[in-house]
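Going line by line, the protein sequences match chains A and B.
Under the working numbering, the first residue of the first sequence is numbered 1, with each subsequent residue one higher.
Under the working numbering, the first residue of the second sequence is numbered 1, with each subsequent residue one higher.
Source of the hints: derived by calculation from the structure; they are not laboratory data.
Nothing here was measured: the structure is a model prediction, and the numbers come from that model.
Built from N, CA and C at the ideal position, the CB exists for glycine as well.
Hints are not guaranteed to be accurate.
Listed below are the simulated DSSO-like cross-link pairs for lysine-lysine, each with C-alpha atoms no more than 27 Å apart in a straight line [to be verified]: (1) K11/B / K101/A; (2) K11/A / K92/A; (3) K101/B / K11/A; (4) K130/A / K173/A; (5) K11/B / K130/B; (6) K130/B / K101/B.
Covered stretches of chain B (in silico footprint by chain A; criterion: 3 or more residues with CB under 8 Å from a CB of chain A, positions within the stretch not fixed) [claimed, not checked]: (7) 25-33; (8) 37-43; (9) 214-227; (10) 233-241.
2 protein chains.
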Amino acid sequence: MPFAELLPLLKRAHTLSTIGELLGWDEQVNLPPGAAEQRAAQHSAMAEVVHAAASAPRMGELLSQLEATPELSAETQAVVREARRDYDRATKLPPDFVREKAAQGSRGFHAWARAKAGDDFASYAPFLEKNLELARREAAYLGHGDSPYDYMLDKHDPGVTAAAVDRLFTELKRDLVPLVRAIVASPIAARARAAGERLRGFPINAQQMFLREVTGRIGFDYQRGRIDVSLHPFCSGTGSDVRMTTRYQEDQPLDALFSSIHETGHGLYEQGLPAEHLGNALGIHAGMAMHESQSRLWENQVARSRGFWRFFEPRWRELFPAPTREVSSEDLYLAINAVEPTLIRVDADEVTYNLHIILRFEIEKRLFTGELPVRDLPAAWRVASRELIGLEPATDREGVLQDVHWSDGAFGYFPSYCLGNMIAAQLWYRVLELRPAIEEDFARGDFRWLLDWLRENVHAQGRRFRALELVRRVTGQELSPKHLTRYLRERYGGLYGVHP
Amino acid sequence: MPFAELLPLLKRAHTLSTIGELLGWDEQVNLPPGAAEQRAAQHSAMAEVVHAAASAPRMGELLSQLEATPELSAETQAVVREARRDYDRATKLPPDFVREKAAQGSRGFHAWARAKAGDDFASYAPFLEKNLELARREAAYLGHGDSPYDYMLDKHDPGVTAAAVDRLFTELKRDLVPLVRAIVASPIAARARAAGERLRGFPINAQQMFLREVTGRIGFDYQRGRIDVSLHPFCSGTGSDVRMTTRYQEDQPLDALFSSIHETGHGLYEQGLPAEHLGNALGIHAGMAMHESQSRLWENQVARSRGFWRFFEPRWRELFPAPTREVSSEDLYLAINAVEPTLIRVDADEVTYNLHIILRFEIEKRLFTGELPVRDLPAAWRVASRELIGLEPATDREGVLQDVHWSDGAFGYFPSYCLGNMIAAQLWYRVLELRPAIEEDFARGDFRWLLDWLRENVHAQGRRFRALELVRRVTGQELSPKHLTRYLRERYGGLYGVHP
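With the sequences and hints as input, model every part of the structure.
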């Protein structure tokens, strides 16, 4: 019976954590400007409550009993394994350390914001040093003192190691850099850029309507979720209450649309998790890389395809008659699939985006081995940026200071984005094996087959298997970058007339 | 030092309760239709957390120490007094009773909804019996077994007794019934009704703009609050995060406006409470009647005045040129101050509204004495409705079944609405003594003097004094209905040409 007693404890901790998450959603979407301090106090009180629930001593006793029980079912083992992982993370860090890390994270964030504004890396360096030290200490508390970066990666993607990522990224880099060079040199690149710049003056209420139609058509259930506006798009919530956000600009109509389709991919995953298991491993996603694979698959493989636009383009022209009059179908398609190297990760297209991630991974890895001292970061960034992306930042603001992640100690998160791209491509070719003419479905506005397949093979699995194992089971192969490379070559090689 | 230790415990309980309140706001404003069950689980988990914080044994120890300490300051005494009241309510009810009451409240609500839909009081009567029994038991647990209705009133308005309300309402009824009779008989009444019916076709985005200008101008700080849309208007939140709601209909432009001004009155009170004391008696409102006085004063004394409309009418016509073209200024003013008896409390004007409350109070009082058996309620309602309002409901749906309050055991709440009207009028005549020409302020769009006066004399006081004591201190007199009667006679007697 310990399992029967464990489940409601897990469920309670989960329910309380969803309340904390709602506070975060509300902060981004609704919070009056003057209420930041009050919200911080609410967050802090809620974090304490969630932590108390997640570290309940009874939970530890039950886990120990279950771990000593022979012949648990595979499902029960998965629940116990993930509950143990969460329980250890909730209980093995001394409260003083947790407080210090939270305070340092907040200080680091503000130091980063100041440093970015003033393009002053030196003032930020001591905070980054401190965050690295805290990350190493955290890893040591959890028993990973000899492999702190593995621990950081595993935090976001259970089971993923630096060695595995290194192998995958090295292979990807080898194939991707020449592809990007060839695309940039293609005369089509300028036409794609110009096509994007001609998309201007799209009324926001019609953008909202179109976006709602698209995301609803591909399967987001608005009875169990919603979409609002925030400064940066995100997806939060779970189960029957998934909250996505986007942002609108009249002269960037593809931005709101594609960011919403991206968030819809996340939302579909959450809506597809088994509701009866919410709060335990059978009802939670399989890690951030797998989550990202779902958003990328819908955003890229699906919504940048010709089939997708065969269905949606007429409606798009109907809703935006004036601004689309001078835009040919081929120019629309080029604008959607424009590739242009940029210094800034969040502005990158789906091809070059991966290079931004490889850059960050290589730097993080060397920060953790100690090979790269913090003070040498800006120079290392410039070198890597030139080598990988072909552009060298003139300022640290456009270089090492551009991302918020490290400022509060979130190391090891970046790789998930690129792993997600790899998983999406690998799932996609499995889909094509099973249903070669799936773009014909899309051209009819029918996304049901794909969603059902993802529901059954990915979403319904929860965290029964960790991401790499799940990929193996669903696709019959180990995770490999070759599918992503193949996809990018097929889509962009043809479009840009290049075949490196 | 026990006081210094008590304050953060109170603050923590308060902070957690504000999170529970945000869940409620979000449920009314944002919740996807399919997420009701998930939200119920969140409410339930949060209620347990809030209860644990409010009943922390250490809080009880500190309160006992403080109660045994001589020479506490008046402020400290007030904090201890109200903390004791809350602590007893959190700890003296056995958990089984709390669960039973919550479950019964939910069952009662659904029984009421069914009974109302089917106009079937008999099916609801057993639930009402049970709610009365639970209310008596609750009063007994808190040491008020011999005066359960006093206990119910005191729950919402500390210090208020049935005898006091009885005296106030009897006097009010004596003066109000003839005034209503005279207004209804006036030929102006039909013109006012017709004027209201001509207000049609007010575009909702312009309504939103006007409402935002009005509520901002009278002083609501949108840096520390917001207004959204929900089925029924309400105001929640506190401190720097006050959340109001309204609802819009093109053919009811006064509804959104006046309900928003009403909620703004509540919001101004919350925004005026001393932020440094949030969570203890010095930072909480002085009870529901005082809260209602603030909403009513802005809604009625201020926003139904000629001065107010001298300022806002030009802008109103500017924003709504088409639908206001045929509406004279006098017709607008009559529509705003239309009086027409109705069977339904929530549809009532500010004059007859009080009679709806008196009716409910008289019935609640007799339910608690046992004088009126539940089965005789529909008949008693019909008699009282005819006597007080001059209308007899043909169905129980328009009679005893119209309000939700009793279905989950919220007895003793109704009187706050009418006590709030009395307090508003009494405060208003004090304002007029100090600043006789205040309507000239309004006519210039200047509401600062009034808001500052309320801030200083009411809002900043928190619950240092209970409502009746606060009224006495601010106005120099005991609470009396004569100010409300005077106000209604002055405003409506003149307008309708009647002087009963």
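- Query: Which hint numbers does the structure go against, in order from smallest to largest?
  - Reply: Numbers 4, 5, in rising order.
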